[in-house]
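**Student:** Each chain is listed here by its residues.
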Amino acid sequence: MLTLAFMRAAPSVAQGALTTPSILAPASTPAHETFALSQFVLVITGTIFVVVGGLLAFVIIRFHARKTDAGHEPAQIYGGTQVELAWTVIPVLTVVVLFLTTARVIFAIQDAPEPKSALDVTVVGHQFWWEFRYPKLGIVTANELHIPASTSDAPQPAYLQLLSADVDHSFWVPQLGGKTDLIPDHPNQMWIDADKPGLYLGQCAQFCGIEHAKMLIRVYVDTPQGFDAWVKNQQQPAMDDAAVAAGRRVFESEACANCHTIVGTSAHGTFGPDLTHLMSRATIAAGAAANTPDNLRSWIEDPNTFKPGALMPAMQLSDQETDEVVAYLTTLR
Amino acid sequence: MADQTFPIPGTPDVGLSRGAAVLEWLHSWVVTVDHKKLGILYVVYAIFFMLVAGAEAMAIRIQLAIPHNHFLSPELYNEFFTMHGTTMVFLVGMTFIFGFGNYLVPLMIGARDMAFPRLNAFSFWMTAFGGLLLYYSFIGGFGLYGMGSAPDVTWWAYAPLTERAFSPGHNTDYWALALIVTGFGTLGAAINTLATVFSMRCRGMTLFRMPLFVWLMTVTSGLTLITITPLTAAQVMLTIDRYLGGHFFDTQAGGSATVWMHFFWIFGHPEVYVLILPAFGIASEVIPVFSRKAIFGYPAMVAASIGIAFVSLSVWAHHMFTIGMTSVSNAFFALSTMMVGIPTGIKIFNWIATMWGGKIRFATPMLFCTAFLFQFLCAGLTGIMLAVAPWNWQLHNSYFVIAHFHYTLTGSFVFCMFAGIYYWYPKVTGRMLSETLGKWHFWLFFIGFHMTFDTMHFVGILGMPRSIYTYEPDRGWNTLNMIISVGGLIQAIAVLILAWNLIDSFLHGSAAGNDPWDAWTLEWSTPSPPPPYNFATDPVVRSRRPLWDIKHPNDPDWKYER
Amino acid sequence: MSSIPIFADENWRLPSRGRVAMFSLIIGESAIFTIFVVAYIYYIGRSTYGPTPQILDVPWFNTVCLLSSSISILFAERAIERGRMRSFGAWWALTMLLGIVFLAGTTVEWKRLIYTDGLSIRTNLFGTTFYSLVGLHATHVVVGLLMLSLVMIFTLLGRVEQRHAERIQVLSLYWHFVDAVWVVVFTVVYMVGR
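Protein chains in written order, with my numbering: chain A, 1 to 333; chain B, 1001 to 1562; chain C, 2001 to 2194.
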C-alpha cells in the first residue's frame, strides 16, 4: 500500500530539484506501457495481499491461545477437498489473466516494427563508459546521448543497437524504458521515444567490473530544432585554434592519441571516448565528474581521483604539458 | 598418558589430564560419523558464516548509508558483496538445510543413523574445507593489505568478466574452486539423505506417513542432485578456460556469454527452492504443534512441494529477461514463473487453514513462523511482479530485486531457520533457549528486517541498480539508504542476541525434558539430547503423528488420516 | 514405542541403500553430462579458426569394446549371484580389459589429434569442447576402472564372496551408466557434430 502512496508522490519528486530516475515517472512509450501494466499487476497483487494478509491477521487474533481455554486439544481437521480445490483453481485463473496481459505488452514493446523515420544509434558498452554512434549522421560521442523528442504527429523513436567491446553491461534509463543488456557475442536492440524534452538519467545495470558504479548515462531529449543544431555541431571536425597549438601537439605526440579520437587531427584511438566535441558534454569520466577545466586537469593527472580503477592511466605529463593539453581540450566545443 | 594424545573414542576418560580431555573432546568431533554431531557441526558452521557474511553486509550498508562515501574502496566493496552473496547461499543456506536434515531426518523416520555415516562426515568436511578455501582468498594475493584476492565478480559471475582477460590474478579461481569443492560435499549430503529416506525408515513409516520436513528434505535433495551438478559443470568449464586456456566463455574465440548465464541460472533458480523447501518443512512442523492441530491437507502439501520442484526447473531464464531473448521465450518464462505461485499459494492457504480453529501459542518458534508466512506472502507477490517481463525490464538488477530475494532468503528462509533453532535446540542440548532473549531477538530482527528490505523496494523503484559501491547525491536515494542501513544495524544486534542466547542457554538454560513443546513426531520420544543410537528399540508407527497416537489412545490419528 | 501394536506391515521391506545412492549419483552425473553435451552441441561450428570436427575418425573399435564390457559385466553379475566365483573373476577381468582397451584407443586418438592435427584444448573452441566432453567421459572410465580393479584385487585374494553380489551389482550400475553415456557422447561428437 505504501507503494501506491509512492506512486503519487514520485513524479513530483522527479520534477523538483532532484533528478530521480524513477520508473514511476515514465516519459517514453515503452516506459508508459510498462507503467500501465505494472499498475494493473499491482491492483491484482494488492488484492491478493489484502485477502490473504487479512486472513492471516484474523487467524492470529481470533485463534491465539487464551488463559480461559479448556485444557483439551482443539478439533483435529485433516483437510477438506472442496476448500483445497477452491484455493487451487482461483490462483490458476489469476495466473491466466496475468499472463495474457503480460504477453500482450511483451509483444507490443519487443516486436514493434521500426518506422522509417527512426533514428539509429549504436550503443557500445566499454569498461566503464558508453560509446554512442549515429551511423547515418556520422557522429560519434560518449556517455551523453542526444535524441529528439518524439510526438504523435512526427514520431521519431530512437532505435538503439546494443553492443559491447568487453564484458556484459546493461543500458538502463528508467524513465525512458526498461533495461537491455549489452553482451559481447549477442547484439541486442531496444527503442525509446521520449515525449518531452529534458534530461533523463540512468546507469549501467549489470556488474561490469571495479567501476561499474560510475558508468552513468545522461540522455538529453532535445526539441527537434535543438537536436538538429546539436547534430550540425557534432558533424564538424574539431576546432582548430592556433592559440592552443602547443596543447594539440602534446595530445598528438603523447599517448593520448593511442586511445582517443579527435576528428581533424592525427589522433585516431578507439579505446577511449571520442573527444572531438568534448566541451559539448556536461560531464567527464562517464558522469564521475563535472566537465570543468579543473576536473579535466585532475583527471589527466590521475584518473583515480574520481574513478579508482578506470582504465585510463595517469598520464605523467609535466605541469606545463598538462596546462597546454587542458587549454587545448577546453576549446573542443 | 602424555604421549597418547588421541585415545580411542568411547574409552572412559578417567585419569585424563585436562588438556588431554579437551583434545579427546575435540577429536571426538573431528572423527565423528554420528548424524547428530554432524548435524550440529553443520549448523554451527552455518551460524559462524552467517556472522561473517553478516559483517560483510554491515560493511556494505555503512558504505551505502551516505552518497559518495569512502568507507570501502571500490575493490573491497566488490569483494564484500560477492563474498556476502556466495557465503550466504553456499556456506550458510546449504549448510543450514543439510544440518537440520542431518540431525532430524533419521530421528523423524525412526532410524539410528544416516544411510552412509562415513559419506556423511566426508560431505561435511568437503563443505567445510570448501568454505575455508573461499575465505583463504582474503589472505591470498597481497595478503590482508587490500584484502588479498577475494572474489569480486558477483555471485552470478557473468562471463566474460570472469575470463583471464578481465579478471587476472586468482580471485575468480578461488570462487570457482571453492564452489566445486563445496558442491561435491553438497552432492554427497543429498545422495545420503535420499538413501536414508528411502532405505532406513522404521516399520510402519510409509512414505505418506513421513513428517513433512522429511518430505521436503527429500524433494530438496532430489532437486540438489540436478541443480548443483550443472553449476559444478559450469565451474569446471570456467576453470578449463582459466587454467588450460579453453574458450567456453571466451567471446573473442566464438565462446558465449549467454551460455554461462543459462548454465548458471539453471542452477541458480532451483537453488532458491533448494533452500526454501526445507524452510517450508520447518514451518510445517512448527505451525501444527503450536496451533495444536494436525497439518491441513497433508497430501496437497506433499504434492505442492513436488510441484514446486518441477516448475522450478523451467523458470531459470526469468533472471534473463533483459538479455534480449525472443518475445516468445520471454512470454514462456513469464508464464512458467507465474505458475510457481499456484503450488506456493496452496501451501500458504494450508498453513493458514492449519492455524484456523487452533489454539495458537506464540512461543518464539511460532513467532518466527508467523512472520515467515507474512513475509513469504509478500515475497511471492513481488515475485509475480518480477515475472511480468516488461516490468522486469525495469526492476531487474535494481534494489527491488534485492529486496525481493531477501524477502525469500531472509524473510522466509532465515526466519524459518531461526524458528527451527528455537524449536529443536531443547532436543539437541537438553536445555531451553531463553524465551525473553528469544522475544527480543524476534522483535528486533523483525523490525530491522522490515526497515531494511521494505525500503529497498522503493529505492529500486526510484532507479537504484544493485552492485554499485556508491551513488550520486542528486538521485533522491539518500534518506532511503540511510533507513536501510539503520535497519541492517538493528538486524545485526538481533543476531548477536541470538548468538548470546545460544551460548548462555547452553550453560545456564532450564532443563528441557524429552518433549517440551508437547509435539508429535518421533524425535520427541527420545531423551534430550538423544543417545548415540537414537532409539533403544526400533519404533513402529501407524500414523503421521506417532506421539499423538500415544498421547490420545482413544482418538488416534490413524482412524482419520486420508 | 512398544505401546503401538504391530499391524499389517509384517513384510516391511525397503530398497537397498546402495542402489538408491547409486541411482541418485547417476542422476546427478547425468546432469553434469547434460550440461557438457549441451555446450558441445551449442558450440558446433562456432569456432572462429583452427581445426574442425572433420579431422575426427569414428572410433568404432573403441565403441564396440566399451559396449561389450557392459555385457561382460552382466555375466559377472550373474556369476556372483549364483556363487560361481571363478567365472565371476574371469568375466570381471574381461570387463577391465575391455575398459583398458577403450582408454588406450582414446590415448592413440588424442595423440594423433595433438601431434598430427595440432588440436589441443586451447587451440580453439572445438578443441576446448571436444577434449572436455570426451575427457570428462574418459575420467569416468578411469574412476570406474579403479573401482573395478579394487574388486579384482579382492577377488584374487579370495575375499569376494557370493554375499557381496549386491555391492557388485551396485558398482556395475555405475559401469553401465558410463557405457550409456558413451552412446550419447559418441552420437553427439562423432555422428551429429562431424
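Be aware that a few hints might be false.
[Claimed, not checked] Chain C stretches covered by chain B per the calculated footprint, using a threshold of three residues with CB under 8 Å from any CB of chain B:
no., stretch
1, 2077-2088
2, 2170-2181
[Unchecked claim] Examples of chain A residues toward chain B, derived with CB under 7 Å:
no., residue
3, Val50
4, Val51
5, Leu56
6, Val59
7, Ile61
8, Leu93
9, Val97
[To be verified] In the SDA-like style, the derived pairs of lysine to any residue whose C-alpha atoms are separated by at most 20 Å in a straight line are:
no., chain 1, residue 1, chain 2, residue 2
10, A, Lys67, B, Trp1356
11, B, Lys1359, A, Phe58
12, B, Lys1359, A, Val124
13, A, Lys136, A, Val124
Hint data in this document are derived by calculation from the structure and do not stem from the laboratory. Note that beta-carbon positions come from the ideal geometry of N, C-alpha and C, so glycine has one too.
**Student:** With a cut-off of 7 Å on the beta carbons, see whether Leu56 of chain A makes it to chain B.
**Tutor:** With Cβ-Cβ at 6 Å, under 7 Å, it holds.
**Student:** Identify whether the interface hint at Val50 of chain A stands, where standing means a beta carbon of chain B within less than 7 Å of its own.
**Tutor:** Constraint on Val50 of chain A not satisfied, violated at 11 Å.
**Student:** Please check whether Val51 of chain A passes as an interface residue: C-beta within 7 Å of a C-beta belonging to chain B.
**Tutor:** violated (10 Å)
**Student:** Given Leu93 of chain A was flagged as interface, is its beta-carbon under 7 Å from a beta-carbon of chain B?
**Tutor:** violated (10 Å)
**Student:** Check, residue by residue, whether the stretch 2170-2181 of chain C contains three or more positions whose beta-carbon lies closer than 8 Å to a beta-carbon of chain B, and give the verdict.
**Tutor:** As far as the stretch 2170-2181 of chain C goes, the hint is violated, because 0 residues have Cβ atoms under 8 Å from chain B.
**Student:** For the stretch 2077-2088 of chain C, do three or more residues have a beta carbon lying closer than 8 Å to a beta carbon of chain B?
**Tutor:** It is violated: at least three residues are needed, and the stretch 2077-2088 of chain C offers just 0 whose Cβ sits closer than 8 Å to chain B.
**Student:** Taking the least C-beta to C-beta distance, is Val97 of chain A closer than 7 Å to chain B?
**Tutor:** violated (10 Å)
**Student:** Verify the interface restraint on Val59 of chain A: the C-beta must sit less than 7 Å from at least one C-beta of chain B.
**Tutor:** Constraint on Val59 of chain A satisfied, holds at 5 Å.
**Student:** Against the 20 Å threshold, does the CA-CA distance of Lys136 of chain A and Val124 of chain A hold or violate the hint?
**Tutor:** holds (16 Å)
**Student:** Lys67 of chain A and Trp1356 of chain B were given as a pair; does the straight-line alpha-carbon distance stay at or below 20 Å?
**Tutor:** holds (18 Å)
**Student:** Run the distance test for Lys1359 of chain B versus Phe58 of chain A: straight-line Cα separation, threshold 20 Å.
**Tutor:** Between Lys1359 of chain B and Phe58 of chain A the Cα gap is close to 13 Å, so the pair holds against 20 Å.
**Student:** Should the hint that Ile61 of chain A touches chain B count as held when the rule is a Cβ pair under 7 Å?
**Tutor:** Hint violated; Ile61 of chain A Cβ to chain B Cβ min 10 Å, cut 7 Å.
Hints 1, 2, 3, 4, 7, 8, 9, 12, counting from the list given before, are not met by this structure.
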